[in-house]
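Protein chains in written order, with the working numbering: chain A, 22 to 595; chain B, 127 to 409.
Worth flagging that the hints you see were computed from the coordinates, not collected in a lab.
Note that the Cβ used here is the ideal one computed from N, Cα and C, for glycine as well.
A couple of the hints might just be wrong.
[Stated by the list, open to error] SDA-like, lysine to any residue: derived pairs with alpha carbons at most 25 Å apart:
no. : chain 1 : residue 1 : chain 2 : residue 2
1   : A       : Lys468    : B       : Ile245
2   : A       : Lys468    : B       : Ser353
3   : A       : Lys468    : A       : Leu431
4   : A       : Lys468    : B       : Val320
[As the list claims (entries may be wrong)] Which residues of chain B face chain A? A partial, calculated answer using Cβ under 10 Å:
no. : residue
5   : His157
6   : Leu176
7   : Thr178
8   : Arg179
9   : Val181
10  : Ala182
11  : Leu185
12  : Ala358
13  : Ala367
14  : Ala369
15  : Ser382
16  : Arg383
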Amino acid sequence: MTAAPLLELDAVRIRHLGAERPTPDGVSLDIRPGEVVLLLGPSGCGKSTLALALDGLVPHAIAADLDGSVRVDGRDSREHSVAELSETVAMVFQDPDAQVVTGSLLDEVAFGPENRLVPVDEVLARSERALKLVGLWDRRYDSPDVLSGGGRQRLAIASALALDAPVLVLDEPTANLDPAGIDEVYAVLRELANEREHAIVLVEHNLDSAVDIVDRVVVLDAAGRLVIDGPVRDVLQGRAGELLELGVWLPVSTLAALRLRSAGVAIDPLPLTPSELAAALDAISELPAPVADAPDALVATASPAITVRDLSVQLGGRRGPVVVDGVDLDVASGDFLAIVGTNGAGKTTLLQAIAGVIPAPRGSVDVLGMDPSRADARDRARRIGFVFQNPEHQFVADTVAGELELSLRLQGVEESARRDEVDRMLRRFGLEQHRQRHPFLLSGGEKRRLSVGTALVAGAPVLALDEPTFGQDRARASELLAMLRDLNDEGTTVLVVTHDLQLVADYADRVAVMQEGRLLGVGPTAEVLGGPLIEAAGLRHPPLARATRSLARHPEWHSVARMSQLPSPGGAAA
Amino acid sequence: MTAATTGTHPVSSDVTTTGDGIAAPHRPFLHRLNPIAKLAAPLPVMIALLFTRDVATPLVFTVGALALLLVGARLSRRAIAGLLIGTPVGVALIGFTLGVWVDPARIDPAAAGASVVLIEIGDWRFTLAAYLVGMATALRIAAILLLSLLVGLTTTGPELVRASVQNLRMPYRVGFTALAALRFVPRFRHELDVIRAAHRVRGMHRGRGPVAALRRIVSYAIPLLASAIRHAERVALAMDARAFGAHPTRTERVISRWRARDTAFVVLFWAASVAVFWVVATA
Numbered sequence: 022m023t024a025a026p027l028l029e030l031d032a033v034r035i036r037h038l039g040a041e042r043p044t045p046d047g048v049s050l051d052i053r054p055g056e057v058v059l060l061l062g063p064s065g066c067g068k069s070t071l072a073l074a075l076d077g078l079v080p081h082a083i084a085a086d087l088d089g090s091v092r093v094d095g096r097d098s099r100e101h102s103v104a105e106l107s108e109t110v111a112m113v114f115q116d117p118d119a120q121v122v123t124g125s126l127l128d129e130v131a132f133g134p135e136n137r138l139v140p141v142d143e144v145l146a147r148s149e150r151a152l153k154l155v156g157l158w159d160r161r162y163d164s165p166d167v168l169s170g171g172g173r174q175r176l177a178i179a180s181a182l183a184l185d186a187p188v189l190v191l192d193e194p195t196a197n198l199d200p201a202g203i204d205e206v207y208a209v210l211r212e213l214a215n216e217r218e219h220a221i222v223l224v225e226h227n228l229d230s231a232v233d234i235v236d237r238v239v240v241l242d243a244a245g246r247l248v249i250d251g252p253v254r255d256v257l258q259g260r261a262g263e264l265l266e267l268g269v270w271l272p273v274s275t276l277a278a279l280r281l282r283s284a285g286v287a288i289d290p291l292p293l294t295p296s297e298l299a300a301a302l303d304a305i306s307e308l309p310a311p312v313a314d315a316p317d318a319l320v321a322t323a324s325p326a327i328t329v330r331d332l333s334v335q336l337g338g339r340r341g342p343v344v345v346d347g348v349d350l351d352v353a354s355g356d357f358l359a360i361v362g363t364n365g366a367g368k369t370t371l372l373q374a375i376a377g378v379i380p381a382p383r384g385s386v387d388v389l390g391m392d393p394s395r396a397d398a399r400d401r402a403r404r405i406g407f408v409f410q411n412p413e414h415q416f417v418a419d420t421v422a423g424e425l426e427l428s429l430r431l432q433g434v435e436e437s438a439r440r441d442e443v444d445r446m447l448r449r450f451g452l453e454q455h456r457q458r459h460p461f462l463l464s465g466g467e468k469r470r471l472s473v474g475t476a477l478v479a480g481a482p483v484l485a486l487d488e489p490t491f492g493q494d495r496a497r498a499s500e501l502l503a504m505l506r507d508l509n510d511e512g513t514t515v516l517v518v519t520h521d522l523q524l525v526a527d528y529a530d531r532v533a534v535m536q537e538g539r540l541l542g543v544g545p546t547a548e549v550l551g552g553p554l555i556e557a558a559g560l561r562h563p564p565l566a567r568a569t570r571s572l573a574r575h576p577e578w579h580s581v582a583r584m585s586q587l588p589s590p591g592g593a594a595a
Numbered sequence: 127m128t129a130a131t132t133g134t135h136p137v138s139s140d141v142t143t144t145g146d147g148i149a150a151p152h153r154p155f156l157h158r159l160n161p162i163a164k165l166a167a168p169l170p171v172m173i174a175l176l177f178t179r180d181v182a183t184p185l186v187f188t189v190g191a192l193a194l195l196l197v198g199a200r201l202s203r204r205a206i207a208g209l210l211i212g213t214p215v216g217v218a219l220i221g222f223t224l225g226v227w228v229d230p231a232r233i234d235p236a237a238a239g240a241s242v243v244l245i246e247i248g249d250w251r252f253t254l255a256a257y258l259v260g261m262a263t264a265l266r267i268a269a270i271l272l273l274s275l276l277v278g279l280t281t282t283g284p285e286l287v288r289a290s291v292q293n294l295r296m297p298y299r300v301g302f303t304a305l306a307a308l309r310f311v312p313r314f315r316h317e318l319d320v321i322r323a324a325h326r327v328r329g330m331h332r333g334r335g336p337v338a339a340l341r342r343i344v345s346y347a348i349p350l351l352a353s354a355i356r357h358a359e360r361v362a363l364a365m366d367a368r369a370f371g372a373h374p375t376r377t378e379r380v381i382s383r384w385r386a387r388d389t390a391f392v393v394l395f396w397a398a399s400v401a402v403f404w405v406v407a408t409a
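Using the sequences plus the hints, can you model the full thing?
Put into structure tokens, the structure is as follows:
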């Protein structure tokens with residue numbers, strides 16, 4: 022650790038054009054060769070902005086004021102161009118689609134060094150090295166378009182490596198990926214971290230994947246001030262309570278252990294990974310019994326809201342692929358059903374066919390007595406609301422209130438009744454003060470709430486959501502799921518397609534597992550997540566289930582997959 | 127998962143020779159020409175064709191361009207069938223349709239075929255002269271299309287950009303920005319589909335006629351533009367971070383050469399074209 026720092030930040034404050042306060046606000050830290058640093062903080066604390074300042078994109082390419090100084094290999098970032106600083110710092114961004122410039126993998130990786138006038142032989146040698154490291158050398162003549170999300174993100178890492186810079190900065194590199202893609206990217210990052218040839222700065226909210234490759238954690242608070250900087254174990258184990266108070270998400274295994282601790286189970290030190298949690302639990306001779314996962318009694322007796330019979334959907338005409346293949350599914354009124362599966366398993370198509378977004382064969386889908394592909398938009402809106410992945414796609418009015426009113430007008434509701442109903446929905450979704458704003462100017466969370474509001478305002482008792490947590494951090498994702506939980510408690514039937522199995526574990530009542538267009542099975546959440554279906558579908562168990570499944574001494578814990586099954590403070594203490 | 131093989135191979139020779147993985151020797155000749163040559167040769171002809179009125183000139187160029195494509199371009203069987211069947215069928219259909227719409231008053235009564243009536247319905251007569259005018263127009267369209275395919279079917283986007291930068295001294299920033307922009311197209315097409323579905327779900331597809339259609343287009347444009355601007359900003363940041371625009375030139379891994387055969391192709395093409403125009407004019 023005696024080497025000169027590659028990055029020196031001194032009292033860095035960055036104020037975006039038009040922002041009231043700077044985030045980050047006064048951050049000082051050094052990054053040395055070979056270090057793997059995780060940058061944490063609640064939403065809006067400026068961690069991504071800080072990442073952009075490390076290679077000069079702030080202030081050169083982004084309209085923001087930079088106070089203090091960022092020295093990159095001894096050079097002040099203000100006085101050197103991004104291109105010069107790219108000799109020292111290479112970046113990987115969140116969106117894999119927005120980093121591709123050329124038409125083949127080889128051209129893509131060569132793009133950076135070519136811009137820097139590196140000689141041809143050296144460009145090729147670097148490209149080969151980088152593509153081999155990420156496992157894409159054999160596909161070097163392919164178009165980036167044919168790669169999966171995880172593949173494209175590995176390509177982005179290779180393109181950064183080809184710059185031959187000693188520092189690699191990754192800004193939420195897995196936020197847009199499915200679990201398989203996340204694993205691919207972390208396999209590459211683990212290899213890079215082990216080689217110790219690069220200093221790595223990682224902004225990541227998915228701590229479960231990141232925690233075992235980082236050495237050091239730097240934490241910003243909500244105001245963007247640096248509050249904690251230390252070795253990963255000291256910070257995550259020693260100051261877990263502080264982190265929770267700051268609004269920073271901890272690894273699921275750590276959260277589970279904290280909950281067990283408060284129920285009187287002595288776990289010390291805190292585990293960071295599922296295997297550590299499993300080892301800690303197996304070291305304890307007697308554990309309190311897990312809380313039984315009581316199925317919702319109301320749901321069990323309720324009438325079905327949705328009946329799907331032998332549903333097959335073919336996309337793109339008669340020659341197109343069969344995306345959903347002979348699915349039978351019943352969803353009871355008041356159910357909270359999650360549909361899971363790998364990319365291309367047909368989850369979204371199934372959900373869209375149920376909601377009438379795409380046509381389904383006559384008689385194969387019934388939603389509260391309606392065949393969605395025969396009904397018109399007005400009848401559909403009264404029975405089932407559909408929320409798209411990107412809320413902006415669904416906005417059609419100039420104001421927030423207008424969005425809600427428009428749905429009511431479609432139903433032919435009287436004007437006075439419309440006004441009352443709009444007021445009620447604005448209050449229900451916490452949007453009263455934004456009534457006259459343009460929907461596009463809302464924050465991400467507010468946009469999402471509005472899109473759910475527009476789907477429900479016509480009185481639909483069923484809500485269908487397509488990957489509503491995509492690209493969001495865990496705090497936002499759980500905020501959304503908690504809102505869905507509330508709606509569900511109020512009686513709304515909720516169907517959700519998602520990749521995040523831990524969120525599924527913690528919120529859904531039942532889980533449907535799909536693979537290659539077929540429905541492998543449906544059942545209560547704990548049963549499905551504890552059983553063989555998840556692996557059969559090519560998925561990986563969520564972190565808590567991974568820990569409890571491998572327990573040797575406590576077989577009664579094998580089906581524990583959700584936090585609510587852990588003994589709570591009020592319950593039986595060990 | 128891969129590093130085991132790193133460093134055991136020298137840099138593959140296939141990469142250094144062509145850079146795009148296609149072995150150079152056995153490609154048909156149009157593929158081996160410089161894209162600028164394939165652009166420069168037919169361009170004056172395409173412009174000149176706009177001013178012709180006869181049937182023979184565009185017919186010769188249509189057949190000639192077809193022949194060049196069949197001999198000099200690597201085409202799939204479907205493309206060959208499309209060219210050989212589609213061209214005459216298309217010309218016949220468009221020619222007939224355009225001929226029907228020709229204003230009879232504008233046809234010189236002395237012209238050949240003006241008195242030959244092909245179809246007669248009541249007062250309306252479809253004369254051979256009108257048919258020939260339609261055919262000439264259809265053949266002009268066909269000839270211009272096929273001539274543009276000489277470069278279109280035998281050149282990739284990157285090849286054209288490379289040649290424009292290296293042989294025409296176009297700034298590489300323009301070329302690469304154009305390439306990056308081309309990559310946006312399929313993404314936006316997909317996004318537009320999603321937006322349309324989302325608006326349909328909101329019950330927004332109602333109403334017919336041009337006013338409703340215009341309002342629909344505006345309502346699609348807002349989310350599409352918002353996301354396009356965001357996407358473009360992200361791509362720009364990613365390009366900046368990889369030193370795009372750092373120097374006036376870039377390393378060129380593949381050299382786009384202007385060879386004697388390119389000059390020969392252009393000169394022969396022009397000479398043959400002048401001959402065609404001259405022969406038809408004097409015949």
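Starting from the hint list further up, note which numbers the structure goes against and sort them upward. 1, 5, 6, 7, 8, 9, 10, 11, 15, 16
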